[in-house]
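> Listed below are the residues making up each chain.
Protein chains: 2
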Amino acid sequence: MAWKQNELTEMLNISSPIFQAPMAGGITTPELISETSNCGGLGNLGAGYMSSEEIREAIKQIRRLTDKPFGVNLFIPNEREDHVDKKELTAMIDYLLQYGKELGVEIPVSTQVKNYKSLYENQIEEILREKVPVVSFTFGIPDKAVMTELRKQGSIMIGTATNVKEAVELEESGVDIIVAQGSEAGGHRGTFHKEETGLIGSIALIPQVADAVRTPVVAAGGIMDARGITAAMALGAKGVQLGTAFLTCKESGAAEIYKQTLLNSTEEQTTFTKAFSGKLARGISNRFIQEMADQTTKPFPLQNDLTTSIRRKAAMLNQKDFMSLWAGQGVRMVKETTVKQLMKELILGK
Amino acid sequence: MAWKQNELTEMLNISSPIFQAPMAGGITTPELISETSNCGGLGNLGAGYMSSEEIREAIKQIRRLTDKPFGVNLFIPNEREDHVDKKELTAMIDYLLQYGKELGVEIPVSTQVKNYKSLYENQIEEILREKVPVVSFTFGIPDKAVMTELRKQGSIMIGTATNVKEAVELEESGVDIIVAQGSEAGGHRGTFHKEETGLIGSIALIPQVADAVRTPVVAAGGIMDARGITAAMALGAKGVQLGTAFLTCKESGAAEIYKQTLLNSTEEQTTFTKAFSGKLARGISNRFIQEMADQTTKPFPLQNDLTTSIRRKAAMLNQKDFMSLWAGQGVRMVKETTVKQLMKELILGK
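Read top to bottom, the protein sequences are chains A and B.
If you read the first sequence in our numbering, its first letter stands for residue 1, the second for the next number, and so on.
If you read the second sequence in our numbering, its first letter stands for residue 1001, the second for the next number, and so on.
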């Protein structure tokens, strides 16, 4: 069976209510995004860390490959990020130096904090200039002014909630769609209130969010195949968002060693960690996560900046012990596949 | 719609594949169990902490109220429980004394460890004597000898798994049914390997377990209504087990203050704790959980024995800050209801 058209597919002008998750860090290539959209779903660019130039170039490539709708995801900047204890920051840098030495790479020793607020403002300008059809946000609620501008030029807006309170706040802000991210999801928790309030499993989260808001809900977290889609829809979702299932597609930008690790991992091997970015995220446990468990990480995205060179070099060296191997709890169900094949199975069932 | 008959309902000779979870500690009254079974589901006695005399009396009452099948749940004793550091035990007792003083109750100051192995052996003897139709186990796999005896007299055996590995081990042991307990579930984790391997959300756990075993899978964790049942079935379960949804039924033995707390709680208020029993369990966060967070608890069930008098007295005083308010992440969906009304909604949908 194919999924029925509903208010979500009509709003987005897509044929199947299936989103490829906007995974950041080079995973969501123009090929991954455009192929998902060409197959009737919604491809999404994980642009949270990207400069406006990089976003412009990615959009150009996506548009060359598809004339279907696609989305771009941005991170709402954290207001408190500027208040960093310089001494503690130096201690973290000192701690990370051992790994830099082991991998033969520099750790950024500057204690200058990047200006993520201005990065975000530039990203928004670019999104407006490009008239992106769908814009999604993680880690918070966009300003009224930003939403007004996006609305004016016809962008559909998506917010990310990890509990009912966040979903209600997003609805009140006026977003068009709410992604309800269950605790099974790989990668970062989208939580923007206390992080311990945002760890609800999908089977409990979806119906409770659906009961509380009128906005269409898209379920994310632990969904890997048509069974998961049927379940999410029964629980009250109007669509689904899959990340891990797309990671092992030929078109994904995940490093080969990352894909191979996913193909050989089990559901019990994922864990929550703040080691890579300072924000809670789920990935395959490895040496870096284990050794960093006792360290007090710096706030997101500062910790992310501090570990970027380590992760990049590790990827170059095929050293998975120092890579962020984000993965959801459904990882045992990943397959070596293509977007076309995956979308066919998701839409028609196995 | 009513749920279709399947291999699970046929095996158990019940009409609907819905289990009332065997919650321990006086929750599963003979009325709760018998009414569930009379409505076509499977009522289950949470007998883990009960003496053989108490079990015998409960079974007598259940049989007076129903001629339908019912189950009894036992805890597999932990082999390592005898090795307790007396000094650390004394430190925990000393710590708990402040609460005993506040509530006006004694803390058991004896460092004599109860013999749970012999309690279990007596429970098994009683179960065999009573020819209980369904016997379920938590925290491990029963001995071959025990299983042979139970099989001989026709008892259906159920094991509890929290990841694929545990499910496969249970299947190999020869159990007839596997309960797959998702991380959303209230109360104790059934995990019998490292506890961090047993925290998989239902939407990911159910299909991965169903793919790995031929034994019928019963989904537990976060299921609160017909939507949850449809979802669990789509994911590969043959039946479901609900705990939290039954807690607020008139027939449940939960204290009134506990019921009222559940009726006024949200999904983000549950948390994992070892404070009450020494084993990870999910419940509504309260002062005891928060203050105990930094303490190293004693192994299960010793910690449970140490906090029993506190919890009992707190319940008498309607002092919910010291009660174990076990609850799953679907708690926002609980209703003040009866077993008959709940079962009707579960079977027919809302």
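Do not take every clue at face value.
[Stated by the list, open to error] Chain A is faced by these chain B residues, among others (derived, beta-carbon under 8 angstroms):
(1) M1011
(2) S1015
(3) V1109
(4) P1207
(5) R1332
No lab work stands behind these hints: they were computed from the structure.
Heads up, the beta-carbon is just placed ideally off N, CA and C, and yes, glycines get one too.
> Now look at each hint and say whether the structure bears it out.
Hint check results:
The beta carbon of M1011(B) is not positioned within 8 angstroms of any beta carbon in chain A (closest approach about 23 angstroms), and the interface hint is therefore violated. Because the closest C-beta pair between S1015(B) and chain A is about 21 angstroms apart, greater than 8 angstroms, the hint is violated. About 34 angstroms separates the beta-carbon of V1109(B) from the nearest beta-carbon of chain A, more than 8 angstroms, and the hint is not met. For P1207(B), the shortest C-beta to C-beta distance to chain A is roughly 5 angstroms, which falls under 8 angstroms, so the interface hint holds.
The beta carbon of R1332(B) comes within 5 angstroms of a beta carbon in chain A, closer than 8 angstroms, and the hint placing it at the interface holds.
When each numbered hint is compared with the structure, violations occur for hints 1, 2, 3.
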